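*Asks:* With chain A's structure known, arrange chain B on it following the hints.
Number of protein chains: 2
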Amino acid sequence: MKKILEGKTKDIYEIDGHHLLMKFKDDVTGEDGVFNPGADQVGLKMEGISQLNLRLSKHFFEDLNEMGVCTHYCDADIEDLSMKVRKANLFGHGIEVICRFHACGSFIKRYGAYIEEGSKLPAYVEFTLKDDERNDPLITKDALIVLEILNKEDYEAIETLSRQISIYIKNECAKHNLELYDIKLEFARDIETNNLMLIDEISSGSMRVYQNGHVLDPFSLSKIILQD
Amino acid sequence: MKKILEGKTKDIYEIDGHHLLMKFKDDVTGEDGVFNPGADQVGLKMEGISQLNLRLSKHFFEDLNEMGVCTHYCDADIEDLSMKVRKANLFGHGIEVICRFHACGSFIKRYGAYIEEGSKLPAYVEFTLKDDERNDPLITKDALIVLEILNKEDYEAIETLSRQISIYIKNECAKHNLELYDIKLEFARDIETNNLMLIDEISSGSMRVYQNGHVLDPFSLSKIILQD
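Chains as they are written, first to last, in this note's numbering: chain A, 1 to 228; chain B, 1 to 228.
Looking at chain A on its own, in the form it has when it is part of the complex (with noise of 0.2 Å):
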C-alpha cells in the first residue's frame, strides 16, 4: 500500500480507488507537552492512546452508521491500529466543523469579554479552516460561500448534521455521567457516490468532556466510554 499522507495523528495509506487505511498513532495533539484537542499542533506521546482512540472511534462511527448517519467508516483492526475507510473529497483543503456545549479554549480567547469560561452554549455550531499556517481561522458562513468553499445547501445540510452527532455523542457521554463541552468534526463528500460523510476520526484528540467539573484526560474518557 502507498502513503499517501503523513498526519499529525494518523497516516494514510491507499487501499484501492474508493478507500484508504488510517494508521493511528500514538501522538496528540498540544502546546508546551500539554494535551488540547483545540490545539493543531503535536504537542506530545501517549504510548497506547492510538490504540483507544481507534476503539473509539469504532465504537461512534459502527453505531452512526447503524443509525444512518453517513460516515467514512468501514471497519478498524485493533491490533493493527487501522481503520479502512472510504476516500472522500475535501470541502476546499478541508473545513472543521466545532459544536459547542459550553464556552471554552477558542470561543473564550475571541469572546471572553462577553462570556465566562464553562458557560452553558446551545449547541453552537461553528467552522474553521483546516490550514496549520493560518491557525485554523474561523470563517462565517457568507465567507464559505463567497469563498466557494460550500454552497449555501452544504452549509446548511452540515450543520444539521454536525449538531445531529454532536448531541448522539453527549448523550453517549452523558450514560457515564460525563459532560460534552465541545467536538469538533470533520465532512467531505464520497468520492464514489458524493454523498456527504463525516470523516476523520471521533476520539479524545476530537473533544472535550468534562467529569464533575474538571477536564478527562484522553486516557480516562476513552476507558470510561468503552467500558460497556
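Read the hints as simulated data drawn from the structure, not as lab findings. Please note: incorrect hints may appear among the correct ones.
What the hints assert, rightly or not - Some but not every residue of chain A turned toward chain B, in silico, with C-beta under 8 Å:
hint	residue
1	M1
2	E116
3	P122
4	Y124
5	V125
6	I149
Predicted model, so just to flag it, every value in this text is computed and none were measured. Glycine residues also receive a C-beta, built at the ideal position from the N, C-alpha and C atoms.
*Replies:* Chain B only, in chain A's frame:
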C-alpha cells in the same frame, strides 16, 4: 465639557444627556510607523490628517443624513476639529462591520489559501468585536446571537444598512476614478430614540481606497474626494 473617553484617534466629551463632542486627533492607526486602516493600534502621527478626516466625515455624513440614512452626525466645526453627534448605546462593548469589495487585509491573512490579494468580492459583510485585548476578533452571526450582542433582526438590519452605505461610498469614490476595496463601519442605537444609527467617523482611517491598482495614502484620498 467633561472628557469621557480618550480614544486612539479621537477624544470624546459630553455636551448634554443626548449629545457628545468628538475631537479629532492627528493620530492614525497602523503598525511600525506604517499607516493601516485595519490596525487596532495608533501607529503614527500625521500632521493635518485630523482636519481632513473631519471634513471627509462631514461630507459623507451630511450626504447620508440627506439620503435618510440614520447617523449620529449633528454638525461639524472644522476649525475646532470637532463633530457634534448624538449619544448612543453600543451593542455589547462595540461592534465593527466590514464591507469588502476586494480581498485584502485581515481577509487575506485568514483566507489567503483560497483567494488572491485584490480579487473582487460581492459587497461581502463581516462583523468583528471591538476588543483591543483580543485583537478585534471575527464573530459569526450565530455567535453574536448566542452572546446576546445582537438579535437576528438587528443582525440583518445592520448587514443590509452596511451594504447600502458601503455601496454609496464606493460610488462616491468611483466618481473620482477611485476604487473602494473595503470599509469599516460602526453602528449603535440612539440613546434617546433607540433608532439604529451609523456612528464614529467615515474617513481615510475607515477604508482602503485604490487608484490605478495602488492604495491611496490618507492625505491623497481625502483631498481627491473633497476637491469638488
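*Asks:* Holds or violated: is there a CB of chain B closer than 8 Å to the CB of A:Y124?
*Replies:* holds (5 Å)
*Asks:* Given a cut of 8 Å on the nearest C-beta pair, is the interface hint for A:I149 held or broken against chain B?
*Replies:* Because about 7 Å separates A:I149 from the closest Cβ in chain B, which is inside the 8 Å limit, the hint holds.
*Asks:* When the nearest CB of chain B is found for A:P122, is that gap smaller than 8 Å?
*Replies:* holds (7 Å)
*Asks:* Does A:E116 pass the interface check with chain B, least Cβ-Cβ distance below 8 Å?
*Replies:* Nearest chain B Cβ about 12 Å off; hint violated.
*Asks:* Take the shortest C-beta to C-beta distance between A:M1 and chain B; is it under 8 Å?
*Replies:* Violated. Min distance 29 Å.
*Asks:* With chain B as the partner, please determine if A:V125 meets the hint condition of a C-beta pair closer than 8 Å.
*Replies:* Where the cut-off is 8 Å and the nearest Cβ of chain B is about 7 Å from A:V125, the hint holds.
Violated hints, listed in ascending order, are 1, 2; each of the other numbered hints is respected by the structure.
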